[in-house]
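K.L.:
Each chain, letter by letter, is given below.
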Amino acid sequence: MSTEIKTIENLANSEYKYGFVTDIETDDAPKGLNEDIIKLISKKKNEPGWMTEWRLKAYKYWLTMKEPTWQNVSYPPIDYQDIRYYSAPKSQAKYKSLEEVEPEILKTYAKLGIPLEEQKLLAGVAVDAVFDSVSVATTYKEKLSELGIIFCSMSEAVNNHPDLVKKYLGSVVPYTDNFFATLNSAVFTDGSFIYIPKDVRCPMELSTYFRINAADTGQFERTLIIAEEGAYVSYLEGCTAPIRDTNQLHAAVVELVALDNAQIKYSTVQNWYPGDAEGKGGIYNFVTKRGACRGKNSKISWTQVETGSAITWKYPGCILQGDNSIGEFYSVALTNNYQQADTGTKMIHLGKNTRSTIVSKGISAGRSNNTYRGLVRIGSKAEGARNFSQCDSLLLGDKCGAHTFPYLEVDNPTATVEHEATTSKIGEDQIFYLNQRGIKTEDAVNLIVNGYCKEVFNELPMEFAVEAQRLLSVSLEGSVG
Amino acid sequence: MLSVKNLYVNVEDKEILRGINLEVRAGEIHAIMGPNGSGKSTLANVLAGRDGYEVTSGEVIFEGKNLLELKPEERAHEGIFLAFQYPVEIPGISNATFLKTAVNEIRKHKGLEELDAMEFLLLIKEKMKQVNLDESLISRPVNQGFSGGEKKKNEIFQLAVLDPKLAILDETDSGLDIDALKIVANGVNIFKQQNPDKAVIVVTHYQRLLDYIVPDFVNVLVKGKIVKSGGKELALELEEKGYDWVKDDETVSEKV
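Residue numbers (our numbering), protein chains in the order written: chain C, 1 to 481; chain E, 1 to 256.
Wrong hints could be hidden among the right ones.
[Said to hold, decoys possible] So the derived list for chain E, only partly shown, Cβ under 8 Å to chain C, looks like this:
| hint | residue |
| --- | --- |
| 1 | ASN21 |
| 2 | ARG50 |
| 3 | ASP51 |
| 4 | VAL55 |
| 5 | LEU68 |
| 6 | LEU70 |
| 7 | PHE84 |
| 8 | ILE90 |
| 9 | LEU162 |
Read the hints as simulated data drawn from the structure, not as lab findings.
It should be emphasised that the depicted structure is a prediction, and the values quoted were computed from it without experimental measurement.
Beta carbons: idealized from backbone N, C-alpha and C, even for Gly.
Okay, chain E solo, but in the shape it has when bound (with noise of 0.2 Å):
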């Protein structure tokens, strides 16, 4: 589904990511982790085409189009969904006037009849359900004076109501205590279930979201390079040893 091949980014001609090989197929969730600063969000946000990130060299395939080429609203349309570590505020629009643009901004470019009032209602009431949304929020302003754990709920009920192919948690479980971590998770794995073809990267700094949105592969970010890759019990390991083992490696890689 989406092949990561040799990537390098600068961030304010600062070499973020040093080339990145990441392949992930249908069905699969990846889990990024590293240490901060090591480039988890940068690849993140690359991934969904954010401003101010400068593609130096490699390339990035989703369903076979040059991911690079499009715009941030086109790889929407293409089924890439990025759940942000710090969800915007946007006065004046509500929480539905602004999902159901987006709902059917995707679905007209893939040929479907856009939903009216009533099929989106229908559509919005299900998903509030699965992430525990309560149902005041959807007529509130985007994001506005919503608390953390919130605005971080409502991400992922974006997520179901989009229903994208590929879904990129940044850093999904920060701030968020136990009880909303696992309804996070919760939705995120109700998202894979519904259908076994979708794939999921969860960028994370800590091991305890793992424990709920269980990864297939584990990969270790660290000075803007995967120095090691694994199954779910690599992040054990890594929880239990800390960073610096896998730093250890990589400078001893480097030396060799």
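Same shape as in the complex, but just chain C (with noise of 0.2 Å):
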């Protein structure tokens, strides 16, 4: 084999970064999901009645549902009695400073590199951190309340917000929506609720970091945005978890809702633990991401770098019901070493002259699998629909695999659809060409990486643009030389 094809895959073999376990005590629910957990979920979130209602009857309805197979992955039989459903920091106190917060929680967001200080506030950024199912620390709350946005975890919206709530909550992904929202609808613990009201632009990038932290316990985020007429807002999300030895089951439910002239963005940055280069342990990443586009002329936007998890299953979609909506989708999937993706989106076009933009950028590397899947529907109604789709993959190495499954159902005869495909590969020639201009091997393949995603990552705010091509990098970083 040649030196270029090991490097390549040295790069693919780096170690995950972010792997510690911060030790601080948790508020832990014992194993296995029945009626009685999903009460106590419940009650220690401290739930009206409808809530609990609603979980258990998500609860019943998943009890009569398979898990699919469908996708284009792998993994050993999950035993969903063998999960733990809850987890909490011990000290449960609210918090109204940074200085109340316990120090070996700040120093675990130090170690990530997220800036939760002032440096955070400095540059505009609200942070509602979610330390495994609890907030722990919310930013700049006051200032968003002035302009009339909610921005707080989905728990205190469940009581403070009950009406907003119960009118959206499950609108755009209904409890019966699929095996994984199901399970999520009956056991979330938290998540970020967001209402931006009439004619209100949030002034501010929202932004929400994730980490699954106690040992066994499934994560399920539970997040809602609702946009009012005219309204505007963009919301970051980037997630790093630590190394586990067990998979870690993570089913999260977004739902978006953009009504007249309402814009949202919506941008992740998701980068749990892979799993090692034997492809043991890793996250289960299994999500539900919906946006509506209710009213006309709505616009919601998904861009995604996913660069973690052992397998991710996610298909972040629009459903353009409003005439003249705008549904878009960028994304970046990188898999190494065992890694699987399945991931794309759907675009279902109900309204008149909707628009959907999907552009996907998958990379393989090592002995990873990475597939795009992606539904664009042009309903009976959907005169003048347009969808432009354009789907690449880029392999490194040459034991990976890149596949493509578009579907496509038109079914009104004024709609033009386009899908574009290629796939590429980095060579050796290409390395050795770089090298001969004087460009190291590592330099060579972030290079050509980043040249390829540039189209996504031109979609995300500056700032979280930089992390995501240092993700990319240090995702690709190795033992070169």
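Mind assembling these two chains? They're in different frames, but the hints should get you there.
P.N.:
As structure tokens, this is what we get:
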């Protein structure tokens, strides 16, 4: 084998930088899932009766469902009774300032390079940090509330804004939606809730860092974002998790609702523990994300950079109900070692002149498998609907795989649907060419990969784009030379 | 500048170079000529440090340094440039980004300040003119969708921008029409004229490139050995008599 190929494999074999475990006492529920556990979760969170009922309805429905098997990933069967569904840091007091937060937690954030401190505030980012299942710090809330913006944890929203939660929770992803979303509906622990009132433009990027910490604790986030008529919000979600031997299940649900002329931009950088070089451990990331463009001229953009998790199963989609509404999906998915990703989007065109754009960039290294799966459905009433899809795959080395499954369902003859796909490979010829011009191999790979992802990075907010580039470098970094 | 001594190289366990000796002094232009399969491109690639070539014995000294111990990028930093026979396409990276990275890597190595966007732009504008490179190519992905002639011009453009000490042209004339050939040769001559200490190794099958890049020495490579060396007139003699002439020579010398 040539040294270039070996180098690429070394790059792909770099160790996960963010693996460590924070030592704080947790308040755990016993392992297993039954009605009592769900009632316990609901009680721990002081939820009203209607919420408990909703959870139980979901649980009963879940019992009738089967785990999906159509996706292009394989993993040992999950024992849902062997998972702990609730875990919260012991000290549950709400903090007013960072000084009150346990130093251990702050240290964890520091290690992750998350500047929760003053820099972040000065940078204009309000942070709602979810540490395991309970929010430990929320900032900038007051400034936002002056504008009528609600940015809080889902638990708080259930208690403080029950009418909004009742109206919108499950309205985009119903509790009957799919196996993992239904499970989430029954046992979700926390997440973010955002409400932007009519004609308000949220003045800063809202962001949440998720982190799975306690061993064997399934993380079931539930996020709901509502943009009223003419409102705008940009939301960033980024996450890392510590090294674990056993697989951790993550089944999040995100629902977005955009009314007339509203715009929601949702950006994700996902870097959960992908498992070690032999494919042991790592997060199972089974996520349901969906946005509803309910109003006319509304717009929802999903941008994701997925580098982590042993398995990623995720199709952020848009339901384009309102006339002239726009859905966008920009994705970079990087897999290496034994990682598996089956990701893509769903664009459902229902309204007239609805438009969607899909740009997917898959990067496979090591022995990983990277699948793009996308659905574009043009309903019979979607006069003049248009879609453009571009799905590119980049292979590093010769043991990885890239797959593309585009599904097109067009029921209106006036619609225009375009699909482009390419597959390319970083070859030793390319690396040598760059070497010969004075660029070392690691930089050469980064140059190629970043160039390839540029279209997607351009969609990320500035600071996130920098972080994403760094993340790709770290994911590909190794013992070069 | 470059001293190759008794160099033996295997490719996939097959002996391709069999005792090459070559001295290139500052300011010299050397032509390496030879029939197909004689090892010309192997020599060019070994000098640039390409993987897959196993040096079994001999040494290569460049500016007092043991070249064979250096990685390809380190050789580039030291001032070795290879114009590729088949320039590689790199989707996603613009020619400009690629070249700016390369220029600054080399400058960093020399202890010079990195060029900022403006300085770089001025530099490439000047060099683009020298090789008649269409300005639109600079923002396109490296070599992607370039014609054969554009790719070769792009190589010479990079040569002009990176300004190495030793330029190795590996069959740069192949696939070029006469106009492109003249432009490419002109680019090389400008590179040479701007600093008389630069050296050039021209690897070619045909004599016609040497009408435009006039060599000081012509070395004829046959079956992995330099069987004949001489001045520029040797190229013309070869053109006239064909490689069989020197091949016979070699057979004779082997028999003796």
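K.L.:
Which hint numbers does the structure go against, in order from smallest to largest?
P.N.:
1, 4, 5, 6
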